[in-house]
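Chains A and B, in that order, give the protein sequences.
In our numbering, each residue carries its 1-based index in the first sequence increased by 5.
In our numbering, each residue carries its 1-based index in the second sequence increased by 49.
By construction, these hints were calculated from the structure, which means they are not laboratory data.
Incorrect hints may have been included.
Distance condition first, Cα-Cα at most 30 Å in a straight line; then the derived DSSO-like pairs of lysine-lysine [stated by the list, open to error]: (1) Lys98/B to Lys14/A; (2) Lys19/A to Lys88/A; (3) Lys98/B to Lys76/A; (4) Lys62/A to Lys151/B.
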Amino acid sequence: DGGITQSPKYLFRKEGQNVTLSCEQNLNHDAMYWYRQDPGQGLRLIYYSQIVNDFQKGDIAEGYSVSREKKESFPLTVTSAQKNPTAFYLCASSTWEGGSDEQFFGPGTRLTVL
Amino acid sequence: AQSVTQPDIHITVSEGASLELRCNYSYGATPYLFWYVQSPGQGLQLLLKYFSGDTLVQGIKGFEAEFKRSQSSFNLRKPSVHWSDAAEYFCAVDPLSGGYNKLIFGAGTRLAVHP
Numbered sequence: 006d007g008g009i010t011q012s013p014k015y016l017f018r019k020e021g022q023n024v025t026l027s028c029e030q031n032l033n034h035d036a037m038y039w040y041r042q043d044p045g046q047g048l049r050l051i052y053y054s055q056i057v058n059d060f061q062k063g064d065i066a067e068g069y070s071v072s073r074e075k076k077e078s079f080p081l082t083v084t085s086a087q088k089n090p091t092a093f094y095l096c097a098s099s100t101w102e103g104g105s106d107e108q109f110f111g112p113g114t115r116l117t118v119l
Numbered sequence: 050a051q052s053v054t055q056p057d058i059h060i061t062v063s064e065g066a067s068l069e070l071r072c073n074y075s076y077g078a079t080p081y082l083f084w085y086v087q088s089p090g091q092g093l094q095l096l097l098k099y100f101s102g103d104t105l106v107q108g109i110k111g112f113e114a115e116f117k118r119s120q121s122s123f124n125l126r127k128p129s130v131h132w133s134d135a136a137e138y139f140c141a142v143d144p145l146s147g148g149y150n151k152l153i154f155g156a157g158t159r160l161a162v163h164p
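Please work from the sequences and hints to get the whole structure.
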């Protein structure tokens, strides 16, 4: 089955630690995205990538970093510089043919800072 | 400012009743419009989307939405709600600017269904 997988489902971090969230897709999509979800605020874009070895900052990129070395993978690192990292993180992917199309979402990773 | 507004944070309906979830956007040109649903602790699933053409769009799970340009609205409807429809619903807009599939999400409406 084609889809997006995220791991782990739950992640606990101590203050001052970096953690990396995994996102893998087998939909052959060019574009991938990372969103952060907080209660009552909808989804906010952290980073996006339209093609391998290229990525752009979204609306709330501070304290996060990404890489896109393979088409199917787009890991997100939450660094110690992120002041309030406790949230639900969603990865998504879409085709990119110069126009808009739906984004497909993974099941999410819930990150809690202890 | 450009935004997507879902005026209702929580809605409670009885099973079998009709449902309408509101969504308004403030973008100059007609954007692409989406409704997604999220079950607790899960990712988002697309219910339906509007790009152009017929302003009444049919989606999955018996949902439909109507685009009204004059009101900058894209309200989601279902004639008869099932208990399994309890979830959070997000309206999203692609303003067709910025050169990529940029989605702006509303804050969401949480739907509760009474038996």
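Status of each hint after checking the structure:
1. Lys98/B to Lys14/A: 28 Å, holds
2. Lys19/A to Lys88/A: Holds, at about 12 Å.
3. Lys98/B to Lys76/A: 26 Å, holds
4. Lys62/A to Lys151/B: 12 Å, holds
Violation of the numbered hints given earlier is absent; every hint is satisfied by the structure.
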